[in-house]
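Enquirer: Chains as they are written, first to last, in numbering that gives the first Met the number 0: chain A, 0 to 326; chain B, 0 to 326; chain C, 0 to 326.
Keep in mind that a hint or two might mislead.
Remember, identical chains collapse to one label, so a pair may be satisfied in a single copy or spanning two.
No farther apart than 25 angstroms at their CA atoms in a straight line, the calculated lysine to aspartate or glutamate pairs in the DMTMM-like style are these [said to hold, decoys possible]:
hint : residue 1 : residue 2
1    : K209      : E175
2    : K293      : E31
3    : K324      : E311
4    : K97       : E175
5    : K297      : D307
6    : K176      : D144
7    : K77       : E30
8    : K77       : D62
9    : K77       : D9
10   : K310      : E321
11   : K85       : E31
12   : K242      : D187
13   : K33       : E311
14   : K209      : E30
15   : K297      : E311
16   : K324      : D18
17   : K108      : D126
Worth flagging that the hints you see were computed from the coordinates, not collected in a lab.
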Amino acid sequence: MEFTAKQIADMIGGRVEGDEQAKINTFAKIEEGKKGAISFLSNPKYTPYIYETESSVVLINEDVELTQPVSCTLIRVKNAYESVAKLLQLYASMMPKKTGIDPLAFVSKSAKIGENVYIAPFAYIGDNVTIGDGSRIFPHVTIYDGCKIGKNVTIHAGSVIGADGFGFAPNQEGYEKIPQIGIVIIEDDVEIGANTCVDRSTMGQTVIHKGVKLDNLIQVAHNCEIGENTVMSAQVGLAGSTKIGAWCMVGGQAGFSGHIHIADKTFIGAQSGVISNTKGNGEQLIGSPAIDPKIFFKAAAVTKRLPDMYKELAALRKEIEELKKTK
Amino acid sequence: MEFTAKQIADMIGGRVEGDEQAKINTFAKIEEGKKGAISFLSNPKYTPYIYETESSVVLINEDVELTQPVSCTLIRVKNAYESVAKLLQLYASMMPKKTGIDPLAFVSKSAKIGENVYIAPFAYIGDNVTIGDGSRIFPHVTIYDGCKIGKNVTIHAGSVIGADGFGFAPNQEGYEKIPQIGIVIIEDDVEIGANTCVDRSTMGQTVIHKGVKLDNLIQVAHNCEIGENTVMSAQVGLAGSTKIGAWCMVGGQAGFSGHIHIADKTFIGAQSGVISNTKGNGEQLIGSPAIDPKIFFKAAAVTKRLPDMYKELAALRKEIEELKKTK
Amino acid sequence: MEFTAKQIADMIGGRVEGDEQAKINTFAKIEEGKKGAISFLSNPKYTPYIYETESSVVLINEDVELTQPVSCTLIRVKNAYESVAKLLQLYASMMPKKTGIDPLAFVSKSAKIGENVYIAPFAYIGDNVTIGDGSRIFPHVTIYDGCKIGKNVTIHAGSVIGADGFGFAPNQEGYEKIPQIGIVIIEDDVEIGANTCVDRSTMGQTVIHKGVKLDNLIQVAHNCEIGENTVMSAQVGLAGSTKIGAWCMVGGQAGFSGHIHIADKTFIGAQSGVISNTKGNGEQLIGSPAIDPKIFFKAAAVTKRLPDMYKELAALRKEIEELKKTK
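Work out the full structure: start from the sequences and follow the hints.
Expert: Have a look at this one:
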């Protein structure tokens, strides 16, 4: 398919600067531009590339002032990132989509599968599992018995939903397993990355609420609950029974202790270790144990000087002792 | 199935306070209680729920004093957590269990499989693998050639036993692979979570001893050894040839350098980085590099004040210089 | 197969000290030596074992001076570690290798598979995927549509190549998915461990260059690029669009922010958090945020004394106030 700059601008409500008839038939990153491609400029770090890109058309924010002439055609928009997202969605919606239950999938006879569901080869859907309309289950996903998957849910390859929570009671000879008889509930519009694990509850349910987005290799332990529209980057880990609020953002490799509550709209930096309840909505935290980011980064800067501080402290002590003597 | 409070109390050696004929047919968390359910109260944080739970029966420790009347029937026991574990085990033992080798599993002809083993669809059991009686292998588990799995072992979905250890020798053009010709031995009564990896040894064996419990997404590198009844939370990582003692507890996301020895009964906090041998049994460690938890948490508290300390140090220096001058 | 010490020495250019006719038929670690086995001594920590090993033959560096007599036969070589690697390679090259596409694998009709490729049971090879000659794809690997795998690539069990990058744009009601229409390119001679994830690019490609070695459970986000011959230990995480140079070494559980550039030959310690571009080739970094290792370890040593420093600072303040008064 081929479109002109004018056609694209009309689709996304933009304004053309340059050749309205410039033709594009593919996407490219601005730094890897080529003739016939459309690129976008959103992150200011990439601004220098606009002067040398070979892409035919570039989406750019209305308010960006360019200091040199450019050879590409520009489409001015309010938010270049949103516009490219919209274009990619249009593009993706025109691509053929896989649907249906692949004959190489395992789907228990007692599972209830909605309409327009895709279940890939080697996906495993256990007994009494329900999967809502429009959901897509990729290869090597395991959904253990009894778990409930909502509508328009995407689960990428290798993720495991509903394995036993990690519960053992010590006795004299070793540990006895505490049976995990609960389930996992994944609500509508959730997307789960690859090789992520969401454990079933000891009793009751582990719940991933509507619109949550989990990246790859994340651990969600038994009895956890993640609030609506919270997003978590890769390799995050939640210990048991922790509840995360709605609209939170969690950076990669962050970890949460068990049995704590994180308020709505909390922002947790990458590699943080959160060990207690947060105070209220909108808080930001980073570090392990996690603290206010302003303090964290200031303290990190001073940390480098700690050995010098230690020496200076000893020097001051000595000088004070001198002063006392000579007083 | 339905039981009365009296029947349950008799099963676990408890004493009924309230209606001995109260009927229960399911389990529920105390904060999600409902008529006909039995709950338990073990963590004091949850005590307030006992006054409002709708569960018909609640297991509670003998020594807990309640300050208000409750509408549920109580069963007083020595240890509510152990009692609920016992009840869950009784319940689980009455549930039908999957057994046998699923026709959709791949089991090499040279593998030796014990009695009462369950091998799920899409499990892969390589050449010359042995699996002991009563073990359960869930979907998408891979067991590479030659690995030995003991009795009553559970391996959850997606875990990989016996992939090559990470061994490469640099040369001028790149890295040459060091073949990994050893195996993995998993002893009896081990439980391994989902998407965990235990690498085969370069030569000899990587060993997970009897009764070890590993959570999800854990990395155990080549030539490691984990002692009896040690438990590790999710996302822990062990570098090559490290030996962990028996009865240790390791918190989530902790990491261990290679070629170190951890003594028995060591307690390693979440997100710790352990880079050297530990001193002796019963030690506690946290932080990266890992140190005594008392020092760690005191230092963490002071760290927040580091920028102020830095300023104060400069102020003191100035004042001392003044004092010297005016002396 | 059985070889004499003399035959082995001739293969690897070594010199026999002891019985040239000593027979060996297997490998063993020096601390687990047995009659008929060949071991090696490379790490000086293991030197004491050479006096008590039961192995028949031990490979040892030319320059190691032994202080007591040994009962085993020695083969003196320049580099014992390289020599044992060479022997293991010889041994491995004599073992039968699995080849061909297993009938239990799923390979799309539009995929292009090279010569001498092994594709294991339950591997999933999507549409328009290409796999170069001599590559080996283990069980439960998923390669999404359109990804390109080079020659002599090894991908261990459960790894996922080409799942969607983690891209979502927030709106009033939740997040909209940004379609990920790019691909993953894995160049020749790459080895990828078990349960590792390499996400496809939003547009363009995520690239793992020639000779890279990735361990288990690693996360490589969309649009990343990893330079030639870089090695990464288990559980490392890269956020989106980050570029790692060639010949870097990255320790386990380290994390990288998005959109940063790491120069060639950079050495990143385990559990580091790298949040900005590095300065130049050959730099070493550790900690979170990552700094010079010398400063890091000095500061870590002082950190333990922080509570004492805090008290000392208050004491000095008090004494100075006293001095001022009495001046």
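Enquirer: Hints first: check each against the structure and report whether it holds.
Expert: Results for each hint:
Taking the shortest alpha-carbon separations for K209 and E175, only the inter-copy value of 13 angstroms comes in at or below 25 angstroms, while the best intra-copy value is 35 angstroms. Taking the shortest alpha-carbon separations for K293 and E31, neither the intra-copy value of 37 angstroms nor the inter-copy value of 39 angstroms comes in at or below 25 angstroms. In the homo-oligomer, the alpha carbons of K324 and E311 lie at most 25 angstroms apart both inside one protomer (20 angstroms) and across protomers (19 angstroms), since each shortest distance falls under that limit. With identical chains, the CA atoms of K97 and E175 are at most 25 angstroms apart between copies only, with a shortest distance of 20 angstroms across copies and 44 angstroms within one.
Taking identical chains as interchangeable, the C-alpha atoms of K297 and D307 lie at most 25 angstroms apart whether they share a chain (16 angstroms) or sit on different chains (10 angstroms). Proximity of K176 to D144 under the C-alpha cut-off of 25 angstroms is restricted to the intra-copy arrangement: shortest distance 18 angstroms within a copy versus 29 angstroms between copies. When the C-alpha separation of K77 and E30 is checked against a cutoff of 25 angstroms, the pair qualifies only within one copy, where the shortest distance is 22 angstroms, while the shortest distance between copies is 47 angstroms. For a Cα distance limit of 25 angstroms, the shortest separation of K77 from D62 inside one copy, 8 angstroms, qualifies, whereas the shortest one across copies, 65 angstroms, does not.
For the homomeric pair K77 and D9, the shortest alpha-carbon distance inside one copy (14 angstroms) is at most 25 angstroms, but the shortest distance between copies (71 angstroms) is not. In the homo-oligomer, the alpha carbons of K310 and E321 lie at most 25 angstroms apart both inside one protomer (17 angstroms) and across protomers (20 angstroms), since each shortest distance falls under that limit. Taking the closest pair of Cα atoms, K85 and E31 come within 25 angstroms of each other only inside a single copy of the chain (21 angstroms); across copies the shortest separation is 42 angstroms, beyond that limit. In this assembly of identical chains, the alpha carbons of K242 and D187 lie at most 25 angstroms apart only when taken from the same copy (19 angstroms versus 35 angstroms across copies).
With identical chains, the CA atoms of K33 and E311 are never at most 25 angstroms apart, being 58 angstroms at best within one copy and 58 angstroms at best between copies. Proximity of K209 and E30 under a CA criterion of 25 angstroms is satisfied inter-copy only: 22 angstroms between copies versus 36 angstroms inside one chain copy. In this homomeric assembly, K297 and E311 come within 25 angstroms of each other (Cα to Cα) both inside a single copy, at 20 angstroms, and across copies, at 15 angstroms. Taking the shortest alpha-carbon separations for K324 and D18, neither the intra-copy value of 85 angstroms nor the inter-copy value of 75 angstroms comes in at or below 25 angstroms.
Proximity of K108 to D126 under the C-alpha cut-off of 25 angstroms is restricted to the intra-copy arrangement: shortest distance 7 angstroms within a copy versus 29 angstroms between copies.
Comparing the model with each numbered hint stated earlier shows that hints 2, 13, 16 do not hold.
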